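So the sequences go chain by chain: L and C. Residue numbers for the first sequence follow this note's numbering, so the first one is 4 and each next one is one higher. Residue numbers for the second sequence follow this note's numbering, so the first one is 57 and each next one is one higher.
Watch out, some of these pointers could steer you wrong.
[Said to hold, decoys possible] Subject to a maximum C-alpha distance of 25 Å in a straight line, what follows is the list of computed DMTMM-like cross-link-like pairs (lysine to aspartate or glutamate): (1) Lys446(L) / Asp64(C); (2) Lys234(C) / Asp263(C); (3) Lys139(L) / Asp167(C); (4) Lys116(C) / Asp98(L); (5) Lys139(L) / Glu466(L); (6) Lys512(L) / Asp98(L); (7) Lys36(L) / Glu48(L); (8) Lys226(C) / Glu486(L).
[As the list claims (entries may be wrong)] Okay, the calculated bits of chain L under chain C, using three or more residues with CB under 8 Å as the criterion: (9) 43 to 56; (10) 164 to 177; (11) 229 to 242; (12) 256 to 268.
Keep in mind that the hints were calculated from the coordinates and are not lab data. Since the structure is predicted, the reported quantities are computational estimates derived from the model, not experimental observations. Backbone N, C-alpha and C fix where the C-beta goes; we use that ideal spot for every residue, glycine too.
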Amino acid sequence: MSDNKVLDVTEGAYDWVDDRVPASNFLKRNLNKVFPEHWSFMLGEIALYSFIVLLLTGTFLTLFFKPVMTEIVYHGSYLPLNGVRMSEAFASTLDISFDVRGGLLMRQIHHWAALFFVGAISVHLLRVFFTGAFRKPREMNWLIGVGLLTLGLLEGFAGYSLPDDLLSGTGLRIADGIVLSIPVVGTYAQFLIFGGQFPGDIFISRLYTVHILLVPGIILALITAHLMMVWYQKHTQFPGAGRTNDNVVGYPLFPIYTAKAGGFFFVVFGVCTLLSALVQINPIWMYGPYVPDQLTAGSQPDWYIGWLEGALRMTPNIETDLFGHTISWNILLPALVLPGIIFTLMALYPWIERWATPGDNGPHNLLDRPRNAPTRTAIGVMSLTFYILLWIEGGNDIIASKFDISVNAMTWFMRVACIVLPPIAFITTKRICFGLQRRDRDKLLHGYESGVIKRLPSGEYYEQHQPISYEERALLSARDDKEPYVLPVATDANGVRQKGLAHKRVRAKLSGWFYGDSVPKPTPAEIAEAGHHEEELTAARQADIESTRAKVLAPSPSDET
Amino acid sequence: MSDHEHDDDFSALPHHEPRMSDIDPRAAKRAERQVALLFTGAMLCGIAFIVAFAAVPVEKLVWVPLIGDTQLSNLLLGLFMGLGFFLVGGGAIHWAKKLMPEQEVISERHDTGAPAEARQATFKELERGVNESGVRRRPLILATLVGALALMSVAPLVLIADLGPKPGTKLRYTMWRKGMRILVAETGQPIRPQDLLVGSLVSGVPDGIDAVLEAEGNLNELAKAPVILVRMDPTDIKAQQGTDWDFQGILCFSKICTHVGCPISLYEQQTHHLLCPCHQSTFDLADGGQVIFGPAARELPQLAITVDTDGYLVAQGDFAQPVGPSFWERG
């Protein structure tokens, strides 16, 4: 059928499959499917690829790890711990690290890839947020993404708790304290989760099932749904020349994306592996086995738990008594209420913004440049500021000792900063966005400042403006300006008060806050006007030059005689 | 681009410059060789990986600048595997960027939603199904079905009740009893008052804890019973949780933080402050173990001590209040 050797060889096998499932129908439509290109679109890819790396290395680790808390006396090849009592879980982790060829490498790749996984999801989420990619029709995928982030945190925590070393056991002890703080059912929850008091003898086995079956199963299902949706809805793209809301501009799946994305998978795997060869991570043999009455100073969780740790560290010590029952606000608020509120708001955000944008019913396939959505960008930077402050506070003891400051002063500073700095970040970001909008508007109207200063014969100085390129004009013009929602009149023609006005008033307030003050992009009339003005200026300058030239060239009265 | 200078039509793709490999066959050939070189490098890494796996014993250490002593096997396996993967990926990307078509293509989007006719047709089908099932005419069936599903989806949940025993009063008490000796945690030996200097701190556990841990097959008691002993000048003691709970300036407190349960032992001799390394709760041991900073809301429980007839430090009884993190029933 074909004159291509590769296709000839595989034709038989291909026909065999095609006769049974119509592969051709799918491939015909999708081999030339177009994907837009931008560096930030690779963040989600990193998350996906690190997950595959996690599945591969994790499977290897399950072949050697013993998820059992039975106490044994260690007599393995790591001599400093010879004769020490420890759980089988910890001992088998030592064996993986010191007796299995390539075991340490797999453990370290697994840990590094986990850090990348949560990191890539987080930065990917920021990209999606700041560019408005969560808007219709992609709200469902946003929800799945928030779910994946939550599960990623849980899965990571479960994973580093498994080896039953001193550091991870301390993490579990803290988690146990958090469970205990839940009103009414906390104590029962602890006894159910740990099969009795902390630490019990069964928790590692239970956590193992959660870590290798339950959570990764859900993550895998959600990733599949996430990707199918991206595939079906087609990827968003940044505005620019040739890019509209109704098309997608980029490179075809086969061969270019197959090569680039496939290659990128190997790059991610390669980087994780090189790091694991060169940079030691989670050296559990240095921490020793978990013993509830021991702890080393400077204990730190993996990076993505840091913000919760910080919240736990800075919350003032409030505890109340309710009819003889204890409510530990100092634990409940930072460890359960705060993440609950944050993840709920995050999940609902697309609907909150949609509510502030009445009349916006169409699909959004073109991304916003962050400056063109000042309030959203400001909300994002505000939240990020809050998060980073919590995260820094999570290492308050390390920072206090490294910089030789009082840990108490540091904590007090952070308590205040967490309340004061986010609003400042909000206002500053919004003003910066407006500034950038004004700059874009100026560029569209008057071109860019060339830096060339000219002087007219009359003595006037001016800077030459140059027209911006076609590509830049296309980018700057692609703005989706929205009008704030205007409150309908309170009474209709017959003087009857309209229903639900309070609700509408809130909506108008929100909408005005969201879209008010934006610097509008120039209208065609304004651009024409600016062009006209520019022409007049040029003409006037030319006239100045001409008249001076005429004066200079004209014979002076004295010459005439 | 002068033809685009002043109009609003941005439908044309950006200006495109051909690559060297598009116009110069020698550059294209060079790119081909580069890609092949990267792939060949990956092959060599694969072979080196296998050789390193077979030849390097796992216990062999090597000193590497900046890293220090490290497992040679881990280093070599990781370098060859990492580099090999990296070269495969780099080769594929280089191939795509240099030799595959670079001109972007435009593809139209379709509506992501279903057309209105399809929606109506589906509703009709659903309507037909509902009618054929007869639930509208026979509401009893629907009502009992909902009831059955609701109950049967909840009923199996009782199984989780047996994941663990009922708490009872287990969190209230520890194994400390009247006259039980305090053993130094590190040595397992009992301790006399004269062994403790003013300003010193020792971690302690109840005598017989090993037998309890052994019998229970877990470390639960070690998460509750550990204590710290400090000795200070008796005149420095401002308050205690009970009269004469000290012994000649020796005070005994629970080692388990009342915040979320970390063991505490960072002691500042001069101020008698005890700092939890987890969340920096700070307790004043000279003032009844009161919280003076940080997220912990309760004082560290004090254990009343005395000496037995042989002169060893012993407990006067169990703690007067539950140790460790707060819980709902604690009161």
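Do three or more residues from the segment 256 to 268 of chain L put their C-beta atoms closer than 8 Å to C-beta atoms of chain C?
-> holds (count 8)
Count the residues of the segment 229 to 242 of chain L whose CB lies closer than 8 Å to any CB of chain C, then report whether that count reaches three.
-> holds (count 3)
Annotated coverage of the segment 43 to 56 of chain L by chain C, confirmed only when three residues or more have a Cβ within 8 Å | violated (count 0)
Could you grab the alpha-carbon distance between Lys446(L) and Asp64(C) and see if it respects the 25 Å cut-off?
-> holds, 15 Å
Assess, step by step, whether the Cα of Lys226(C) is no farther than 25 Å from the Cα of Glu486(L), and give holds or violated.
-> violated, 63 Å
Between Lys116(C) and Asp98(L), does the CA-CA distance stay at or below 25 Å?
-> Roughly 15 Å between the alpha carbons, so the hint for Lys116(C) and Asp98(L) holds.
Between Lys139(L) and Asp167(C), does the CA-CA distance stay at or below 25 Å?
-> holds, 12 Å
Taking 25 Å as the top limit, are the C-alpha atoms of Lys139(L) and Glu466(L) close enough?
-> Judged against 25 Å, a Cα distance of about 44 Å means the pair is violated.
Compare the distance between the alpha carbons of Lys512(L) and Asp98(L) with 25 Å, and conclude whether the hinted pair is satisfied.
-> violated, 63 Å
Do three or more residues of the segment 164 to 177 of chain L come closer than 8 Å to chain C, measuring C-beta to C-beta?
-> holds (count 3)
Would the pair Lys234(C) and Asp263(C) pass a check requiring their Cα atoms to be no farther apart than 25 Å?
-> holds, 12 Å
Satisfaction of hint between Glu48(L) and Lys36(L), Cα-Cα up to 25 Å = holds, 17 Å
The structure does not agree with the numbered hints 5, 6, 8, 9 stated previously, though it agrees with the rest.
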